[in-house]
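Single-letter residue listing:
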Amino acid sequence: MIRTKPDDALQILAPDGTVVDPQARQALDLGDEDLRAMYRAMLVTRAVDLEATALQRQGELAVYPPVLGQEAAQIGSAYALGEEDFVFPSYREVGVAVVRGIDLVEYMHFHRGTRHGGIADPLGSHFAEISVPVSSQVLHAVGWALGARLDGKNACAVVYFGDGATSQGDFHEGCNFAGVLRCPVVFFCQNNQWAISVPVQKQTAAPIWKKAEAYGFPGVRVDGNDVLAVYKVSREAVARAREERVPTLIEAVTYRMGPHSTADDASRYRSREDVDSWQAFDPLERFRRLLESEGLLDPGFLNRAEADAGAEAAKVRAGIQGAQPRPLEGFFDHTFSEMPDFLARQREEVVRLTTEEGEGA
Amino acid sequence: MIRTKPDDALQILAPDGTVVDPQARQALDLGDEDLRAMYRAMLVTRAVDLEATALQRQGELAVYPPVLGQEAAQIGSAYALGEEDFVFPSYREVGVAVVRGIDLVEYMHFHRGTRHGGIADPLGSHFAEISVPVSSQVLHAVGWALGARLDGKNACAVVYFGDGATSQGDFHEGCNFAGVLRCPVVFFCQNNQWAISVPVQKQTAAPIWKKAEAYGFPGVRVDGNDVLAVYKVSREAVARAREERVPTLIEAVTYRMGPHSTADDASRYRSREDVDSWQAFDPLERFRRLLESEGLLDPGFLNRAEADAGAEAAKVRAGIQGAQPRPLEGFFDHTFSEMPDFLARQREEVVRLTTEEGEGA
Amino acid sequence: MPEVTMVQALNEALRFAMGEDDRVLVLGEDVGKLGGVFRITDRIQAEFGEARVFDTPLAESAIAGVSLGLAMAGWRPVAEMQFDAFSYPALDQVISHVAKYRFRSVGAVDVPVVIRIPCGGGIGAAEHHSESPEAYYVHTSGLKVAIPSTPLDAFNLLVRSIRDPDPVIFLEPKSRYWSKESGELSPDGLPFGRARTVREGSHATLVAWGGMVARCLQAANAAAEDGVEVEVLDLRTLVPLDIEGLANAARKTGRIVVVHEAPMTAGFGAEVVARIVEDAFEYLEAPVLRVTGYDIPYPPAKVEEHYLPSVDRILIALEKVLSF
Amino acid sequence: MPEVTMVQALNEALRFAMGEDDRVLVLGEDVGKLGGVFRITDRIQAEFGEARVFDTPLAESAIAGVSLGLAMAGWRPVAEMQFDAFSYPALDQVISHVAKYRFRSVGAVDVPVVIRIPCGGGIGAAEHHSESPEAYYVHTSGLKVAIPSTPLDAFNLLVRSIRDPDPVIFLEPKSRYWSKESGELSPDGLPFGRARTVREGSHATLVAWGGMVARCLQAANAAAEDGVEVEVLDLRTLVPLDIEGLANAARKTGRIVVVHEAPMTAGFGAEVVARIVEDAFEYLEAPVLRVTGYDIPYPPAKVEEHYLPSVDRILIALEKVLSF
Ligand SMILES: Cc1ncc(C[n+]2csc(CCOP(=O)(O)OP(=O)(O)O)c2C)c(N)n1
Ligand SMILES: Cc1ncc(C[n+]2csc(CCOP(=O)(O)OP(=O)(O)O)c2C)c(N)n1
Ligand SMILES: [Mg+2]
Ligand SMILES: [Mg+2]
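These protein sequences, in sequence, are chains A, B, C and D. The first sequence begins at 1 in our numbering and counts up one residue at a time. The second sequence begins at 1 in our numbering and counts up one residue at a time. The third sequence begins at 1 in our numbering and counts up one residue at a time. The fourth sequence begins at 1 in our numbering and counts up one residue at a time.
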């Protein structure tokens, strides 16, 4: 249970928005525009996230895993990255996608069931396809980071995953590879307390950040609802990865305010009170108060930002509503780099049948 | 590189056999007969191990992975177990098998290629089949331990594996399960510095014993060539597992004096000097000196023990030389609990063909 | 007995098995309080306690390997993999140990492990949630593989799988989870390796399992409107396979189509064809054809209807074997 | 060019590929100083440096997953799995990502990953060192699967696999590692999907790949002594498969036996049978038969000769199809 601060966690802002570590606050390399941009990204994320949940309720998305409550963890860490850094997301990273300028309509196609992956141009946008098999993307990040090191690039990979993901073999193998092969990678764990119905206490008997000990690189726990603290540790981890080729494991302690996904009934395994108790730690509210106290929330900005958020959500809705998948034969074209004969035969059948169907209709 | 003591390692006997920790020495619950029995087991192991290597050279075994140099780690830990405890070995545990009274001829059938597993009565002898896929046995140990806990048994599982094995996902998943499900299990890692040609420095960037931090249970490093120190930490770990249902990760620092297996040419990746430098840490010699100084090595015992060792080796040789496998159809009988029809059909073919062959010959 | 869904039947089977044998355990991700994402283990933990029904950490290889260890300690674990594609991290443990441990120990160790895997497509699920992995398991010697197509079969086969001293991969076709059937839920000792004739017919035979049995029945009914009587055979267990039943089908109609969701290449349909060819070639009036998923990864849900064998595709194949 | 073994040919292929494209990397357990347990990578690290040729920690899932990541960074990794059964821990990464990433990204990401796997039995190896896992890979859409049977094919197919923008599972039959062949080691652009007629014959056809091609040739030679001319077809790549070549075989002899080491049930032999039945049923004079490993786990080495298809078993099957 979170108190005003998770044990051992780095914090800059208290839940009420007051600065608890003024020195750290001052040392941040963030100007007013950065702070505003971060807040704006949090608003956009919140709006898009709520819109996606609504779209699912209306049948426009097949299923959607809300990020509600985890906005600070995602925006704080994503904001610490450079263009050249490469993001490897799980399935709950819409906030990171917002910061990275990912096409959110294409992203929602994943959840609509009209395309896999959800990322139109992973290599160009440095944002890998959405990864559902828990922890599997950890290895891709490590591989990419190793490749970047071999190329002498000044860039790192950042991989996002949950508390549950730390139980998987792939998490371990990836961390161990990264430690010994000196891969520039940041392991960013959002400990949102739950893996579907399993609380983190039943997931592992050790604090997650301490697992870094097993791989010979630093681990750090941060208050995941404090966007500035998350930014700070992420920034340091990115620098350590790029400059020293030393990975970092970041545990951002946060809370999954929504159900695991829109298909989940969380009331079966946690109480309304538990969830409500985390309302006091809302990351947007906390950051808003800071910005207010620092005089950065003039009504002009606030109106614009809120309008932007609404507009983004509306854009997602407009883009995804009723959207059609490419026809099945289109998927055949991307199984191999060239179409082998045996597949061409099958593709022809698909075209024939769907054309007939179309004509029959 | 080992100095007189590996960093952070627990030690009772210096390499020259002198007691460096008299208090610990005194506190051991080992009588004279125990000490003699342990030494005898080390002699037997050494003799059987060398015999197995010789048998392989003579074509009697297909391949054999020598335990040479790791006798203290195996005998010290195995001696700490009770009858009810269950051993899950890798493929290099002949010393443990000696202590547990495993039928060594059957064991060598594994290496001869005449049977899998190598353990005739795993459930009766509480010694699982030899496990080749690195780290895979870790999970079986955890499962057995969980089962024992559910039964309220006062027993634990002990799983043996190497330094290389710690890189596998199964190691991690097993440790994590054990930590959170409170399984009475001891994870016994023989860090013999090598995984075939890969030195432990290239295997992982953290000391192995520290990996326990990731699972919320204690880790300990012990001088793996000091049989008393190994016994002491194993004894404590077994008690902790049985009584508190808390696992322990033991890293026994030792050295693989022989090749990875008889099929390996270690000269391709390590120098004779490196290997020779470990001669000074020979575990038998170290223990012999202690026993001598404590006046336990009367010629009568020594002669008997050496004779026993020779006899055991001879028994293995006599039992395995020219030994035949059961005929292939015998293996069909143990694929399922009952023979399904489709397999019976195949079995008949085998019997028909091998009978014809036999008659043709 | 009123109608039950397959979900309820499976839930009852677990209850029944846990009641008749207190060595039976249930483990997996979210099988406790949540009752599993499909509610197969709904209220089982409340009834049988947290010792016998427990959530595991999120690690499938461990779920399989730990289950084997539990079996060695004399328990009968029933493990749940949350979805088809999430059984893949456990493949190494399943192939190298669960399937082989009896063999490896020359018969000394029973392996009464059941691994339940919801499988197949057709429910509009996300990527990695609609795979049909049966061929991987079937090709692994030492495993039995069961896959019911109806609630009553699901109950019977699961009870029997849990009693089996051998490891059983128990595949549950998600598209049939909410299908209903009425009948008595008492285990009738349904043996493995006996296919079920779902519908009699003399002109041609459709062979299927799991989710495709219902689809074949639809196709057969459609064919009947044109006066073609199609037999539908539900294999129920893929290992052991009802070889006799397949040969009989060849003898009876000589025209056979096998239907499955998994990709065609090296799918279990190929085995069905090969068996029939081996055992009953002389009775074949036409090539045994396959109607299957295509040889591409399972596509996004919104196009899955064109990917999965449709009634039309089945009818076209029937026409081919009938007019050969 | 003097005779080369398959080991040498593979070693030369890696050298050649690394020489022609400096994005090619070699990684795996013990591939560095040791040169691999079979010496396929012998002296490659010395020649190309530790950046391009490196030992990994002992973790196969990571080897596969990291290879995919390297490919995303523009490298062309050639990963070694030490033995067949040790490729199983990587199955999840291979099935869910390596095979699917191009598809998942709707064509945006090339996956030029080669996974080399020594496979098969017949060399007297220990448990878990003699498996023939081709069916698992073949059934996984998105993978190409190559398996040479001779040194020159090994060279050509490996060079070509490394140039391929798609993931290739490259199976190396251990029993042929030390077989010799002479000829020019220059890549002749051998395309995937073209079977090789190893021996002409008009009475019957043996279809095989990898280690069983030589065995089939022995059987064909033995049959020739009795005046029976048997054609031997080496598939060389299983995906893509030379469907045309198989149909031609049916047209030419009408009597076909397929031979493989893996267990029979749902092995790739079933696919060969099913394809031929689908495409060339009318030309078949006899059932297409299979001679394979039995449906038990690979047995101990000392009995493997009775497990693997023998010349006798192949001859018996030939006799059956010839006398049908
Ligand atoms: C390998 C695998 N096993 C099971 C699942 C099913 N599943 C999806 S999300 C999830 C829980 C993940 O929890 P966590 O890692 O904490 O991430 P969160 O969902 O909380 O963001 C599970 C079990 C999966 N996607 N992949
Ligand atoms: C999963 C798996 N991958 C690869 C191998 C091949 N292999 C056998 S032993 C070994 C090295 C093991 O090293 P370590 O764990 O340190 O044990 P040691 O041999 O030193 O006792 C390797 C790579 C294997 N047996 N299993
Ligand atoms: Mg979580
Ligand atoms: Mg070692």
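Worth flagging that the hints you see were computed from the coordinates, not collected in a lab. Just to be clear, a hint being listed does not mean it is correct.
[Claimed, not checked] Capping the alpha-carbon separation at 30 Å, the derived lysine-lysine pairs in BS3-like fashion look like this:
no. : chain 1 : residue 1 : chain 2 : residue 2
1   : A       : Lys153    : D       : Lys302
2   : A       : Lys5      : A       : Lys153
3   : D       : Lys252    : B       : Lys5
4   : B       : Lys153    : C       : Lys252
5   : A       : Lys210    : B       : Lys202
6   : B       : Lys202    : B       : Lys5
7   : A       : Lys210    : B       : Lys5
8   : B       : Lys153    : B       : Lys5
9   : A       : Lys153    : B       : Lys202
10  : C       : Lys252    : C       : Lys320
11  : A       : Lys202    : A       : Lys5
12  : B       : Lys210    : D       : Lys252
13  : B       : Lys153    : A       : Lys202
14  : C       : Lys302    : C       : Lys180
15  : B       : Lys202    : D       : Lys33
16  : A       : Lys210    : C       : Lys33
17  : C       : Lys302    : A       : Lys202
These are the hints, each one checked on the structure:
| no. | hint | result |
| --- | --- | --- |
| 1 | Lys153/A to Lys302/D | violated, 53 Å |
| 2 | Lys5/A to Lys153/A | violated, 37 Å |
| 3 | Lys252/D to Lys5/B | violated, 74 Å |
| 4 | Lys153/B to Lys252/C | violated, 58 Å |
| 5 | Lys210/A to Lys202/B | holds, 22 Å |
| 6 | Lys202/B to Lys5/B | holds, 21 Å |
| 7 | Lys210/A to Lys5/B | holds, 27 Å |
| 8 | Lys153/B to Lys5/B | violated, 37 Å |
| 9 | Lys153/A to Lys202/B | holds, 23 Å |
| 10 | Lys252/C to Lys320/C | holds, 18 Å |
| 11 | Lys202/A to Lys5/A | holds, 21 Å |
| 12 | Lys210/B to Lys252/D | violated, 67 Å |
| 13 | Lys153/B to Lys202/A | holds, 23 Å |
| 14 | Lys302/C to Lys180/C | holds, 25 Å |
| 15 | Lys202/B to Lys33/D | holds, 13 Å |
| 16 | Lys210/A to Lys33/C | holds, 28 Å |
| 17 | Lys302/C to Lys202/A | violated, 36 Å |
Comparing the model with each numbered hint stated earlier shows that hints 1, 2, 3, 4, 8, 12, 17 do not hold.
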